[in-house]
Amino acid sequence: MDEKTISQKVLDEIRKKNITPEPRWKFQAGRLMVLAFVLVLLAISGLAVGVIFELLSQFHFDSMVFRPRGLRLISESFPYLWLILVVGALILAVAEFLRTRHGYKYRLSEIVAVFGSLSIFLGSIFFIFGQSGQTERFLEKSLPQYGKMTRTPREFWVQPEKGLVSGIILKNDEGIKIMALRDWGGHDWDVDYSKAKVAERVVLKEGVFIKVIGEKKTDVNFFAEEIRPWMRPGGMMMRRHMDTDVDFPMPMMGR
Amino acid sequence: MVENKDLSQKTDEELAGLTAENPDFYYFLMARYEAKIIRYINRITNYPKEVVEDLGQEIFIKAYENINDFDRSLKFSSWLYRIAHNHVISHWRKRKKESKNISLEVDEKFINLFEADIDLVKDVDKKILAEKMGQALGLIKPNHKDVLILRFMEGKDYNEISDILRCPVGTVGTLISRAKKELRIKIMETGITM
Chain A
0 MDEKTISQKV LDEIRKKNIT PEPRWKFQAG RLMVLAFVLV LLAISGLAVG
50 VIFELLSQFH FDSMVFRPRG LRLISESFPY LWLILVVGAL ILAVAEFLRT
100 RHGYKYRLSE IVAVFGSLSI FLGSIFFIFG QSGQTERFLE KSLPQYGKMT
150 RTPREFWVQP EKGLVSGIIL KNDEGIKIMA LRDWGGHDWD VDYSKAKVAE
200 RVVLKEGVFI KVIGEKKTDV NFFAEEIRPW MRPGGMMMRR HMDTDVDFPM
250 PMMGR
Chain B
0 MVENKDLSQK TDEELAGLTA ENPDFYYFLM ARYEAKIIRY INRITNYPKE
50 VVEDLGQEIF IKAYENINDF DRSLKFSSWL YRIAHNHVIS HWRKRKKESK
100 NISLEVDEKF INLFEADIDL VKDVDKKILA EKMGQALGLI KPNHKDVLIL
150 RFMEGKDYNE ISDILRCPVG TVGTLISRAK KELRIKIMET GITM
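Chains A and B are the protein sequences, given in the same order.
Numbering-wise (numbering that gives the first Met the number 0), the first sequence opens with residue 0 and increments by one.
Numbering-wise (numbering that gives the first Met the number 0), the second sequence opens with residue 0 and increments by one.
Calculated directly from the structure, the hints in this document are not laboratory data.
You may find that some hints are simply not true.
Said to hold, decoys possible - Pair by pair, the computed Cβ-Cβ distance ranges are:
(1) B/T189 <-> A/Y79: 53 to 61 angstroms
(2) B/N85 <-> A/F128: 39 to 47 angstroms
(3) B/G154 <-> A/L80: 47 to 55 angstroms
(4) A/F26 <-> B/D156: 24 to 32 angstroms
(5) A/V111 <-> B/N142: 16 to 24 angstroms
Unchecked claim - Negatives, chain B to chain A, calculated, CB over 12 angstroms:
(6) R92
(7) R94
(8) E107
(9) A129
(10) L138
(11) H143
(12) G154
(13) I175
Ideal placement from N, C-alpha and C gives every residue a C-beta, glycine not left out.
Only chain A is shown next, with the shape it has when bound in the complex (with noise of 0.2 angstroms):
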């Protein structure tokens, strides 16, 4: 009797132990899965790039670099654990990408470029219609472990050594151009202004929260080269993202 072939005997144990096929429907939703998953990836890079945006506009890091020790403080401020989420998330859609059906016929740095140029647009997007200065704020608010893992805006404008304060106004002198603030930490501040330069949308009255650069002179007493407002700039919709919330030390009455 001829030995079976291998297609023979492949045949037989199909039919003895009643082998199926795997069903289309399993094979397309594990697709769909995995490329669920690359979007989501995207995502998450693309929002952390917009706060890393968010934090370097806070940050005005474009004028922080001119000065004193600016890129000192520019490395310390800067939101390394964003970036570390920003590259940790596109590695992992990139990877997750090379196991798509058609995600190996794409040359390694092809896929880089395009995901990372993505990720920005989308960062972009985020960080224009406010969704990244949200995120921000609600990770501030909500874990406490935040603030200690980076630097929140608040943080980085409350640092009078290097001739950075920020808060609310207690209270303006416009004739001596010296104003009472308070900072985040509710410590008291005399500010002179009078050589200060004052950005065009601030308005210096009393409630109104402002961001200062200059220069301490005594543990009460800072002297201010320029005034900026506490929001970032930006047109009605970031009217929406005001501070309003903000869990601040009430101002002392009277003072």
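Using the hints, position chain B against chain A.
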């Protein structure tokens, strides 16, 4: 049992589509590839005949179980070779048996195809050359050996190799180029002067 007379005109891809409904169609598909897959397994391993046949059966069963995942944008042969390649590699890793120093059988067709590419000395006895090339093939890196076997023994083009090994077409070209360089060095180490 399905009649053979109507099926010889059907493409592999059509038969793959019919297989999901009736495994009898799969028999004719397997018959087309049985010898090729067994030969391919022999070329990339040094396993005994029984193990090779077992692997062949496992590969065809795996292909059958995954037939609904067959991507119609690929050639069926590329898809099947991909399953074969991955299954053999997986089996090799489990057994932790590295196929070092396996001497492959190299035929004149392979030498003729290769001659133009790596500038071999023309008056070397073809039989000796085949033996040395076979030895050298067994010594080069596994991924280099894979592409040379697929290209010059199995006759696959760059697109097919890209689909089988799941890498970009450009990478296939780079791999082949590097593989040839490595093979040339190994051949020289066997004593053949170039």
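Now the hints, each set against the structure:
no.	hint	in the structure
1	B/T189 <-> A/Y79: 53 to 61 angstroms	holds, 54 angstroms
2	B/N85 <-> A/F128: 39 to 47 angstroms	holds, 45 angstroms
3	B/G154 <-> A/L80: 47 to 55 angstroms	holds, 53 angstroms
4	A/F26 <-> B/D156: 24 to 32 angstroms	holds, 27 angstroms
5	A/V111 <-> B/N142: 16 to 24 angstroms	holds, 22 angstroms
6	R92	holds, 19 angstroms
7	R94	holds, 21 angstroms
8	E107	holds, 28 angstroms
9	A129	holds, 28 angstroms
10	L138	holds, 28 angstroms
11	H143	holds, 19 angstroms
12	G154	holds, 21 angstroms
13	I175	holds, 16 angstroms
Hint compliance for this structure: no hint is broken.
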